[in-house]
Amino acid sequence: MASTTEAPPRKNRVPRRPGDRIFAGVSTGSGVLILVALAGVAVFLVTEAWPALTASAEEIPGGEGLVLYIWPLLFGTLISAVLALVIAVPLAVAIALFITHYAPRSIARALGYIIDLLAAVPSIIFGLWGMNVLAPITVDPASWLSEHLGWIPFFAGPPSSTGRTMFVAILVLAVMVLPIITAVVREAFMQTPQLHQEAALAIGATRWEMIRMAALPFGRSSIIGASMLGLGRALGETMAVAMVLSASGGVSLNLISSDNPPTIAANIALQFPESSGIAINTLIASGLVLFAITLAVNMIARAVINRRKDFDGAN
Amino acid sequence: MSTSLTTPEQDPDLNAPLGGVSLTAGQLPRGAAPATLVAAGLAGLLLWLLADWAIVPCALLAAAAYVVIVYTWSRAVEGPRKATDRFVTAAVSGAFLLALLPLVSVIVTVVSRGVVRFDAEFFSYSMVGVSGEGGGIYHAMMGTLIITGLAALISVPIGMLTAIYLVEYGRGKLAKAITFFVDVMTGIPSIVAGLFAYALFVMIFGPGVRMGFAGAVALSVLMIPTVVRSTEEMLKLVPNELREASYALAVPKWRTIVKVVLPTALAGIATGVTLAIARVIGETAPLLVTAGLTDGDNFDPFEGRMTTLSVFSYYEYQSPGLFAEAAYDRAWGAALVLMIIVMVLNLVARAISKLFAPKTR
Amino acid sequence: MKRSTLGRALVLPTTAALAFGLVACGSANEESGSGGVTINGAGASSQEAAQNAWRTGFLENNDGTINYDPVGSGGGREQFTTGGVEFAGSDAYLDDEEVKAAQERCGEGGFVEIPAYVSPVALITNIEGVDSLKLKPGTIAKIFNQKITKWNDPEIAESNPNVDLPDTTIVPVNRADESGTTENFVEYLKAAAPEQWPHEVSGNWPVDGGEAAQGTSGVVQAVKNGSGTIGYADASRAGDLTTVEVGVGDEFVQYSPEAASAVLDVSERVEGRGEHSFAFDLARDTTESGTYPIVLVSYLLACSNYDNADKATMVKDYLNYVVSAEGQKVAAEQAGSAPISDDLRSKVQPAIESIGSSNSGS
Numbered sequence: 001m002a003s004t005t006e007a008p009p010r011k012n013r014v015p016r017r018p019g020d021r022i023f024a025g026v027s028t029g030s031g032v033l034i035l036v037a038l039a040g041v042a043v044f045l046v047t048e049a050w051p052a053l054t055a056s057a058e059e060i061p062g063g064e065g066l067v068l069y070i071w072p073l074l075f076g077t078l079i080s081a082v083l084a085l086v087i088a089v090p091l092a093v094a095i096a097l098f099i100t101h102y103a104p105r106s107i108a109r110a111l112g113y114i115i116d117l118l119a120a121v122p123s124i125i126f127g128l129w130g131m132n133v134l135a136p137i138t139v140d141p142a143s144w145l146s147e148h149l150g151w152i153p154f155f156a157g158p159p160s161s162t163g164r165t166m167f168v169a170i171l172v173l174a175v176m177v178l179p180i181i182t183a184v185v186r187e188a189f190m191q192t193p194q195l196h197q198e199a200a201l202a203i204g205a206t207r208w209e210m211i212r213m214a215a216l217p218f219g220r221s222s223i224i225g226a227s228m229l230g231l232g233r234a235l236g237e238t239m240a241v242a243m244v245l246s247a248s249g250g251v252s253l254n255l256i257s258s259d260n261p262p263t264i265a266a267n268i269a270l271q272f273p274e275s276s277g278i279a280i281n282t283l284i285a286s287g288l289v290l291f292a293i294t295l296a297v298n299m300i301a302r303a304v305i306n307r308r309k310d311f312d313g314a315n
Numbered sequence: 001m002s003t004s005l006t007t008p009e010q011d012p013d014l015n016a017p018l019g020g021v022s023l024t025a026g027q028l029p030r031g032a033a034p035a036t037l038v039a040a041g042l043a044g045l046l047l048w049l050l051a052d053w054a055i056v057p058c059a060l061l062a063a064a065a066y067v068v069i070v071y072t073w074s075r076a077v078e079g080p081r082k083a084t085d086r087f088v089t090a091a092v093s094g095a096f097l098l099a100l101l102p103l104v105s106v107i108v109t110v111v112s113r114g115v116v117r118f119d120a121e122f123f124s125y126s127m128v129g130v131s132g133e134g135g136g137i138y139h140a141m142m143g144t145l146i147i148t149g150l151a152a153l154i155s156v157p158i159g160m161l162t163a164i165y166l167v168e169y170g171r172g173k174l175a176k177a178i179t180f181f182v183d184v185m186t187g188i189p190s191i192v193a194g195l196f197a198y199a200l201f202v203m204i205f206g207p208g209v210r211m212g213f214a215g216a217v218a219l220s221v222l223m224i225p226t227v228v229r230s231t232e233e234m235l236k237l238v239p240n241e242l243r244e245a246s247y248a249l250a251v252p253k254w255r256t257i258v259k260v261v262l263p264t265a266l267a268g269i270a271t272g273v274t275l276a277i278a279r280v281i282g283e284t285a286p287l288l289v290t291a292g293l294t295d296g297d298n299f300d301p302f303e304g305r306m307t308t309l310s311v312f313s314y315y316e317y318q319s320p321g322l323f324a325e326a327a328y329d330r331a332w333g334a335a336l337v338l339m340i341i342v343m344v345l346n347l348v349a350r351a352i353s354k355l356f357a358p359k360t361r
Numbered sequence: 001m002k003r004s005t006l007g008r009a010l011v012l013p014t015t016a017a018l019a020f021g022l023v024a025c026g027s028a029n030e031e032s033g034s035g036g037v038t039i040n041g042a043g044a045s046s047q048e049a050a051q052n053a054w055r056t057g058f059l060e061n062n063d064g065t066i067n068y069d070p071v072g073s074g075g076g077r078e079q080f081t082t083g084g085v086e087f088a089g090s091d092a093y094l095d096d097e098e099v100k101a102a103q104e105r106c107g108e109g110g111f112v113e114i115p116a117y118v119s120p121v122a123l124i125t126n127i128e129g130v131d132s133l134k135l136k137p138g139t140i141a142k143i144f145n146q147k148i149t150k151w152n153d154p155e156i157a158e159s160n161p162n163v164d165l166p167d168t169t170i171v172p173v174n175r176a177d178e179s180g181t182t183e184n185f186v187e188y189l190k191a192a193a194p195e196q197w198p199h200e201v202s203g204n205w206p207v208d209g210g211e212a213a214q215g216t217s218g219v220v221q222a223v224k225n226g227s228g229t230i231g232y233a234d235a236s237r238a239g240d241l242t243t244v245e246v247g248v249g250d251e252f253v254q255y256s257p258e259a260a261s262a263v264l265d266v267s268e269r270v271e272g273r274g275e276h277s278f279a280f281d282l283a284r285d286t287t288e289s290g291t292y293p294i295v296l297v298s299y300l301l302a303c304s305n306y307d308n309a310d311k312a313t314m315v316k317d318y319l320n321y322v323v324s325a326e327g328q329k330v331a332a333e334q335a336g337s338a339p340i341s342d343d344l345r346s347k348v349q350p351a352i353e354s355i356g357s358s359n360s361g362s
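Protein chains in written order, with my numbering: chain W, 1 to 315; chain A, 1 to 361; chain S, 1 to 362.
No lab work stands behind these hints: they were computed from the structure.
Heads up, a few of these hints could be off.
[Stated by the list, open to error] Some residues of chain S that are not near chain W, with every Cβ distance over 10 Å (derived):
no.	residue
1	G36
2	E60
3	D63
4	E108
5	S132
6	V173
7	E251
[As the list claims (entries may be wrong)] Listed next, the stretches of chain S that the computed footprint assigns to chain W, with coverage defined by at least 3 CB atoms under 8 Å from CB atoms of chain W:
no.	segment
8	74–81
9	178–187
10	226–232
11	309–316
Where a beta carbon is used, it is the ideal one built from N, C-alpha and C, also for glycine.
Just chain W, with the same shape it has in the complex (with noise of 0.2 Å):
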């Protein structure tokens, strides 16, 4: 009050409705209930694994420290998950490419009905599937390639004589994130927008040429995010690896011998049903490293979006 010059004139501004104000109160606070429960997680998480970070060397099970312990576990995850993206990415982007642009209607509606049903296979299956079925299979191609291609680290050998190698754990890690990534990506080429997609057929564009212009570009960032739930579900992935691999051996690029890094995830489930006392704590250590990973991966990919992110949609 200390002039009484009158107060501007509010600008004539928008007012903010009740039901605006409900909204987004209610909206804003479902995120903050997730930073919530992830605080919770995150606690719980930090105070299993204290123990053993602080724990002495001799005491990680391994006896050689908690990084050495690790390191391999950390190795085979990424090179598992990695690899399997590798193949999965572009076979789902063909995919759907494929569903929406060259098939035809009918017979697109089906083979994305398929491909979804997929998703929802449990990981057992692949397991099951991956050991009894792939396997077996790989053997002889497997002792091929070490024969003839065995200066190239990947097929160094000695082969496996039951195919349970890590390179049948990548093809089964890209079976199973095949589908997700699909669905993902499909559902975003079939957003494209018709004019974009007509104005370059009216052009003259080919095809391949109208994807390019019109279906890639606005995808990108789905290709990306879709990608990163794969890569999300491929690091994490339980069962299906602690099946399929022989896991007994350390940090090794050979992909078709029997002698080889554990993930992660499939440590934690083949260790932790018999652990007990500071082993348990390791375990959860190496599940703060995935921890880790997911969200570097996560990060790496966010930046690669947002630097499109004009292109369309909400901003």
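For this one, chain W is given, so just place chains A and S on it according to the hints.
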């Protein structure tokens, strides 16, 4: 869409060179591509049958031959742009077929092994008083539906509202933090989610607690980030023009979201939610530590142990005892039922999105 | 309007829930309202098939519900000592710290610890053209330590003069997960062939580079699917795979239930753990004729005293059934375990009889 590519009837006048320059490019004869495909396929078949090669290299060889022939032919007659188009068509279709192989193999395996136990007893019995042969999965079916349903009931509203917040409202630090931590959440190993839920419920109910609801909470921890991520992707795809048009008509923001943005993205969101359910419905480890394992019916998610199909399937496979075949049959049968449940859910989700989606075309 | 769309979104789950609620009228083989007491157990997954058999057999003549979560021995012991479950199954007896925790949990009277599930561990092989194989402990240790890598190695041939051994690589298959089976097998190797087996005893397989598979099912599958493979697994799961005759003293013994449970009778009971604890340090290096030393012994844990009298009675009756001749017989029929001897039964029965409740008023 793409059907508009078919070339119209050739006008003979246009084919006549005009000052030595043709107005239309050359074209492969109608049916050239399919014929090449058939020829390549036959050649591969011959190699397989007569030269006694393995089937995989034969198929690969035939496919490669087709691609090379069509590409060179088309490049010579139609020019590089058309040739590339044909090449991509072949590559995309080939990749599609290649990817379909393992997927079909998985389905065939599950169906052929699972259908063995599709009898009345399997669907109406529980495992109470059953050891060895026989028995059913009624209790596990109910457990799966109850626990997954509860998990969806928790995760879908929270996940969707969060995605709406992120896309429509989120600015500044809070939005950044939520985005960041949702990403973190996708990295929680499933067993950790289970242990977390167990620790939480032990704090409330004391040690040794087992209840279906605890399982649902564990599954929600895994499910929420998937719902948020996929809903977010779909909301972002809704063209801004729609929102702006709505604002221009003085529609409040929340009604714009509810009446314009959500319906436009509904099909995608439904797919995303189905995927999220699919992601958690097959979980074993987190459910074993939270919901436990029991032989009999339990329809009360807040009291006592509850078996789900995936847990049932896993333990039938893992410790089958002496009657291994019977237990394996039950394991595969349960897995097939799980797949069918998801299929039905999928159908319902599609029907819903069809019912409520705006007519755009 | 917001409500209506939200309402639409809720249509699916609500209708689904309603539909299931209507269908949920119980399964055909369960009598509704059979009531009775519920006791819960958790622990070793090795016991699950046997627990299933016991539970089924016991509930034929008794009312109530018994649950067993096969979360693993570690989890079972922890849940037992924190009071989360009434009984637990464990592939190893409690260590000193856990003994204290268990005594604290059970209070006066202490805890009951009985070896209820004895399972021979068979060495299973899949070698083309070989359907019987005899191996000495030292040879077994060398094979699993990857010091012998060919099936026609002279050391193997010496024990198998009449077998035509192929010139193929040996693929040893071990458990990828930490397990009681591994611990018992390694313990055997360490005791029977200390010179050839330099590794420490633990539930984790100590040798890198072999074929590793998850669970007994995984090991059996890997041995079956591979060639030149050898692995160790619960004998009940050996199926039609060739099982190795193991050298004991001067003879070779094929596994059998009698030979397996015979080990318990020549083993020493661990002292100083309370009167109701029957923990055994197994005589792996026994040279006694007719014993099969590679066995997995899994314990049942319970309290002597429960707050709830009904539960105490139920646990007592259940454990009594488990160790009874009939209980051991159904486990042998359904899970392939080796029945414990009458001698051992008469020793552990008093411990089970001690189970009761301070609140029962008697």
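Each hint tested on the structure:
1. With a least beta-carbon separation of about 29 Å from chain W, G36 (chain S) lies farther than 10 Å from that chain, consistent with its non-interface assignment.
2. Distance to chain W confirms E60 (chain S) as a non-interface residue, since its nearest Cβ pair spans about 30 Å, more than 10 Å.
3. Here D63 (chain S) stays apart from chain W, with its beta-carbon at least about 31 Å from theirs, past the 10 Å limit.
4. Taking the minimum C-beta to C-beta distance to chain W, about 26 Å, the non-interface status of E108 (chain S) holds against the 10 Å cut.
5. With a least beta-carbon separation of about 21 Å from chain W, S132 (chain S) lies farther than 10 Å from that chain, consistent with its non-interface assignment.
6. Against chain W, the non-interface label of V173 (chain S) is violated: not every CB pair exceeds 10 Å, the least being about 8 Å.
7. Taking the minimum C-beta to C-beta distance to chain W, about 32 Å, the non-interface status of E251 (chain S) holds against the 10 Å cut.
8. For the segment 74–81 of chain S, the assignment as covered by chain W holds, since 4 residues bring a beta-carbon within under 8 Å of that chain's beta-carbons and 3 suffice.
9. Coverage of the segment 178–187 of chain S by chain W holds in this model, with 3 residues showing a Cβ closer than 8 Å to a Cβ of that chain against a need of three.
10. Counting residues of the segment 226–232 of chain S whose beta carbon lies closer than 8 Å to any beta carbon of chain W gives 4, which meets the minimum of three for the stated coverage.
11. With 0 residues having a Cβ less than 8 Å from any Cβ of chain W, the segment 309–316 of chain S misses the three-residue criterion, and the hint is violated.
Violation of the numbered hints given earlier is confined to hints 6 and 11; the remaining hints are satisfied by the structure.
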